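Student: Given chain A, put chain B in place with the hints provided.
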Amino acid sequence: MTYRITDQCVGCGMCLKMCPVACIVGRPSKLHKVDRNRCIDCGACGRICPHNAVLDDLGRRCERIRRRALHWEKPLFDYDRCMSCAACLDACPAACLGVTYTEDTKDRKAYPYLVDRTACIACRFCAVECPVDAVSMKALADMAAEEKKSLDGPFAGSV
Amino acid sequence: MGHASMGKIMWVDLSRGTISIESVPDGLYEKVLSGIGLAAHLLYERIPPGADPLGPDNILGFVSGLLTGTGSLFTGRWMVTGKSPLTGGWGDANCGGNFSPAIKRCGVDGIFFTGISPRPVYFWADQGRAELRDATDLWGRDTLETEEILKQKAGGRGLRIACIGPAGEKQSLIAGVANDRGRMAARAGLGAVMGAKRLKAVALGGGQRIPVHDREAVKTLSQQCNDAVQFHPPFLNGIMMAYTGTLMRLLPMQMAFDGMLYKLMLDKYGTASLNQIMVEVGDTPIKNWKGSNEDFDRERSVKLSPEVFTDTMVVKYHCYSCPLGCGGLMAKNSSWPGGHKPEYESVMALGGLLLNDDAASIYTLNDMLNRAGMDTISAGGTIAFAMECYEKGLLTREDTDGLELTWGNSAAIVALAEKIIRREGIGDLLADGSRVAAQKIGQDSDRLAMHAGGQELGMHDGRYDPGFALHYCVEPTPGRHTIGSQMYYEMFRLWEKIPDLPDVSLFYTKGSKYESEKEKIDAAAACSRFMNVLNGSGTCLFGAFLGVERLPLFEWLDAATGWHRSPAEYMDIGERIQTLKQAFNIKHGVEPKSFKANPRTLGRPPQTAGANEGRSVAVESMMRAYWQHFGWDPETGRPGEAILRRWGIKNKPIG
Chain A
1 MTYRITDQCV GCGMCLKMCP VACIVGRPSK LHKVDRNRCI DCGACGRICP HNAVLDDLGR
61 RCERIRRRAL HWEKPLFDYD RCMSCAACLD ACPAACLGVT YTEDTKDRKA YPYLVDRTAC
121 IACRFCAVEC PVDAVSMKAL ADMAAEEKKS LDGPFAGSV
Chain B
1 MGHASMGKIM WVDLSRGTIS IESVPDGLYE KVLSGIGLAA HLLYERIPPG ADPLGPDNIL
61 GFVSGLLTGT GSLFTGRWMV TGKSPLTGGW GDANCGGNFS PAIKRCGVDG IFFTGISPRP
121 VYFWADQGRA ELRDATDLWG RDTLETEEIL KQKAGGRGLR IACIGPAGEK QSLIAGVAND
181 RGRMAARAGL GAVMGAKRLK AVALGGGQRI PVHDREAVKT LSQQCNDAVQ FHPPFLNGIM
241 MAYTGTLMRL LPMQMAFDGM LYKLMLDKYG TASLNQIMVE VGDTPIKNWK GSNEDFDRER
301 SVKLSPEVFT DTMVVKYHCY SCPLGCGGLM AKNSSWPGGH KPEYESVMAL GGLLLNDDAA
361 SIYTLNDMLN RAGMDTISAG GTIAFAMECY EKGLLTREDT DGLELTWGNS AAIVALAEKI
421 IRREGIGDLL ADGSRVAAQK IGQDSDRLAM HAGGQELGMH DGRYDPGFAL HYCVEPTPGR
481 HTIGSQMYYE MFRLWEKIPD LPDVSLFYTK GSKYESEKEK IDAAAACSRF MNVLNGSGTC
541 LFGAFLGVER LPLFEWLDAA TGWHRSPAEY MDIGERIQTL KQAFNIKHGV EPKSFKANPR
601 TLGRPPQTAG ANEGRSVAVE SMMRAYWQHF GWDPETGRPG EAILRRWGIK NKPIG
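Those protein sequence lines, which keep their order, are chains A and B. The opening residue of the first sequence carries number 1 in my numbering; numbering runs sequentially from there. The opening residue of the second sequence carries number 1 in my numbering; numbering runs sequentially from there.
This is chain A alone, in the form it adopts within the complex (with noise of 0.2 Å):
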């Protein structure tokens, strides 16, 4: 099963653009639909949905989460676990991670962050995919100022 928009759907197109896969069509005011095949369960649509007219890939109804008042969940990275792997890189359907180091030959690993906070879409695979649990997710609202700061990376402020 994968994410299906119902007729409650107003045809505003918000889950048109913040779908990572563009597997959504539909007509401005019109009843928009999902592709099944192309669908990859990240649950954007859902989030953004004005209308919670999405059910997620079990049949529930998905929450409306406000994306402008931050409640919208980002990856903090734990870089003490992190090896440096990039699975978070590829996990990631939106193209949002990246990585950053330093001139410093002590410390020649490349640490994953977030570059884009606009383009990510709180999907978690990047948290789901870490195979040693190095990314947890939290909302920007209710991050405290120094996991704020650690979301430009290990490296932030020191250059």
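Hints are supplied without guarantee of correctness; some may be wrong.
[Unchecked claim] In the BS3-like style, the derived pairs of lysine-lysine whose C-alpha atoms are separated by at most 25 Å in a straight line are:
{"no.": "1", "chain 1": "B", "residue 1": "K268", "chain 2": "A", "residue 2": "K106"}
{"no.": "2", "chain 1": "A", "residue 1": "K74", "chain 2": "A", "residue 2": "K138"}
{"no.": "3", "chain 1": "A", "residue 1": "K138", "chain 2": "A", "residue 2": "K17"}
{"no.": "4", "chain 1": "A", "residue 1": "K106", "chain 2": "B", "residue 2": "K332"}
{"no.": "5", "chain 1": "B", "residue 1": "K8", "chain 2": "B", "residue 2": "K287"}
{"no.": "6", "chain 1": "B", "residue 1": "K650", "chain 2": "B", "residue 2": "K593"}
{"no.": "7", "chain 1": "A", "residue 1": "K148", "chain 2": "A", "residue 2": "K74"}
{"no.": "8", "chain 1": "B", "residue 1": "K287", "chain 2": "B", "residue 2": "K419"}
{"no.": "9", "chain 1": "B", "residue 1": "K268", "chain 2": "A", "residue 2": "K109"}
{"no.": "10", "chain 1": "B", "residue 1": "K290", "chain 2": "B", "residue 2": "K513"}
{"no.": "11", "chain 1": "B", "residue 1": "K31", "chain 2": "B", "residue 2": "K8"}
{"no.": "12", "chain 1": "A", "residue 1": "K17", "chain 2": "A", "residue 2": "K74"}
{"no.": "13", "chain 1": "B", "residue 1": "K151", "chain 2": "A", "residue 2": "K17"}
{"no.": "14", "chain 1": "B", "residue 1": "K419", "chain 2": "B", "residue 2": "K440"}
{"no.": "15", "chain 1": "B", "residue 1": "K153", "chain 2": "A", "residue 2": "K17"}
{"no.": "16", "chain 1": "B", "residue 1": "K153", "chain 2": "B", "residue 2": "K290"}
{"no.": "17", "chain 1": "B", "residue 1": "K287", "chain 2": "A", "residue 2": "K106"}
{"no.": "18", "chain 1": "A", "residue 1": "K109", "chain 2": "B", "residue 2": "K593"}
{"no.": "19", "chain 1": "A", "residue 1": "K138", "chain 2": "A", "residue 2": "K106"}
[Stated by the list, open to error] Which residues of chain B face chain A? A few of them, derived with a C-beta cut under 7 Å, are:
{"no.": "20", "residue": "G71"}
{"no.": "21", "residue": "S321"}
{"no.": "22", "residue": "N409"}
None of these hints come from the bench; they were simulated from the model. Since the model is a prediction, treat every value here as computed from it, not as a measurement. A virtual CB, placed ideally from N, CA and C, is assigned to each residue, including glycine.
Tutor: Showing chain B alone in chain A's frame:
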């Protein structure tokens, strides 16, 4: 659809420009896994006998691994497969980078290309769509440029790209396929197949999820594995390793090699860690396999020490899902061209093999060859052949267009490599590897070409470790250093999981390495079978060096797929794949016997100086015993009808 596999493959007919999807039954994965096994099954059944490797009937397959994307570690390897134009038989080349998960994220386990495109094209797949696009403007571009242009065209979509450079376009038989800024699936000449098909690149951006039976169980195993990888005791530096190598050479005893030690070396220096130690112990072939460590002593090899290659490293390079990161991206400055850190194989093929101790030239050559999309091992081997021909007068200064091809002449080596890439003058003669060049030169020059079945040998000396010699001669893909050796078997530690296999005592005498006994053959066959399981699951050889108790390959496979198989049953799958590859060669008229490597590489005549003085390898008896082990004909290496039936392989596959 099963778990861990995508259950589908994609077929692209380049002649007609059509793309289709084929379902793969779950049962097939259970028989041959994914990756190399899936490709071996399909190519064996579908490439007609006698097909021209550079013609429309050859099938070029890009395959991922069964474990790729499941949360397991070291599983970012992809393979390009086809009928090799270099050996005429089974061809596969293996590469890391970021391409392996990209294949699965397009919803398939493999993408197979048939036919020949009327004009240069590249294959593009993203967001559920796939098409062939014009590549006229990319033709002639090097591999790094091609990637950059395609990425720019795609905007922020983060495409993962495999492509050929000018060498593949010119159908040089030692051309490979590049990914992620010049990492190469280099061997078997499959870049030439891609060039012949006029397929410039494969660009993938799919975002599909990869199904896993029990992701949490896979992760638990991964975390245990990672604990071993992240173990960092204080460590030797480069020159101390050279002295360690000298000591190892002088001692009469040998200690079984534990992969944890190699892990530490890889972690710190990458494969460049081997640069000096392997010369010192006698594992590195020197001067076209004629010389020894005495010709390339510590004073010379120190110029290629591991530090030389890591000092300008900016950041470690990890392939997808790799916790170790043996690669490195280098700073660009006046003498270094930047790019990927040269690997041991490249350094020695372009260094010790040519008596070249100029690190800057090796950097340049490595960068040139990666950009051109050419195999550094075969290029080095072929240049070494040309140098010895020059020394013996078989090639004159007229033939070389004025190049002084003397040993260690780094400027001439760079100039020659450029000619080979462009197929200019003498470069055209050498661009198809040493066997083809020797056929053209004639005058018995094949005795100077260090190849097995047409493929230049890796930079590991069978006279030091006879396991290498055996695998060079006996594998369906000859001349490869990535399948087995006595040292690999020590590191794999397979006996821990499969009690029937012989274990290795901690200390043994060096002389015992050269005695051919049943245990050696059992070990070699186990390496071949195990590597097929590894390549079927997309796992890295360097991960496997940790040993099967630290790299839980069989357990990962069970957790990711939901199967319940014993390690011995997985090894049976490996044996089926090995038999498929051998049957592929028989089908295409390649006699296994013809893969016997150049006698010089086997110690005939034995060397008179250096680490391998007086050593020779009785490879014929080992080949017979190896074939017999698999139930193949011990005289010809052909799998008989009963064996094919045992593994469910069609005897007369439809062409």
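Student: It remains to establish, for every hint, whether it holds in the given structure.
Tutor: Outcome of the hint check:
| no. | hint | verdict |
| --- | --- | --- |
| 1 | B:K268 to A:K106 | holds, 11 Å |
| 2 | A:K74 to A:K138 | holds, 5 Å |
| 3 | A:K138 to A:K17 | holds, 23 Å |
| 4 | A:K106 to B:K332 | holds, 19 Å |
| 5 | B:K8 to B:K287 | violated, 48 Å |
| 6 | B:K650 to B:K593 | holds, 23 Å |
| 7 | A:K148 to A:K74 | holds, 10 Å |
| 8 | B:K287 to B:K419 | holds, 21 Å |
| 9 | B:K268 to A:K109 | holds, 11 Å |
| 10 | B:K290 to B:K513 | holds, 21 Å |
| 11 | B:K31 to B:K8 | holds, 16 Å |
| 12 | A:K17 to A:K74 | holds, 19 Å |
| 13 | B:K151 to A:K17 | holds, 22 Å |
| 14 | B:K419 to B:K440 | holds, 17 Å |
| 15 | B:K153 to A:K17 | holds, 21 Å |
| 16 | B:K153 to B:K290 | violated, 49 Å |
| 17 | B:K287 to A:K106 | violated, 37 Å |
| 18 | A:K109 to B:K593 | violated, 47 Å |
| 19 | A:K138 to A:K106 | violated, 31 Å |
| 20 | G71 | holds, 5 Å |
| 21 | S321 | holds, 5 Å |
| 22 | N409 | violated, 34 Å |
Figure legend: structure checked against the earlier numbered hints; hints not met, in rising order: 5, 16, 17, 18, 19 and 22.
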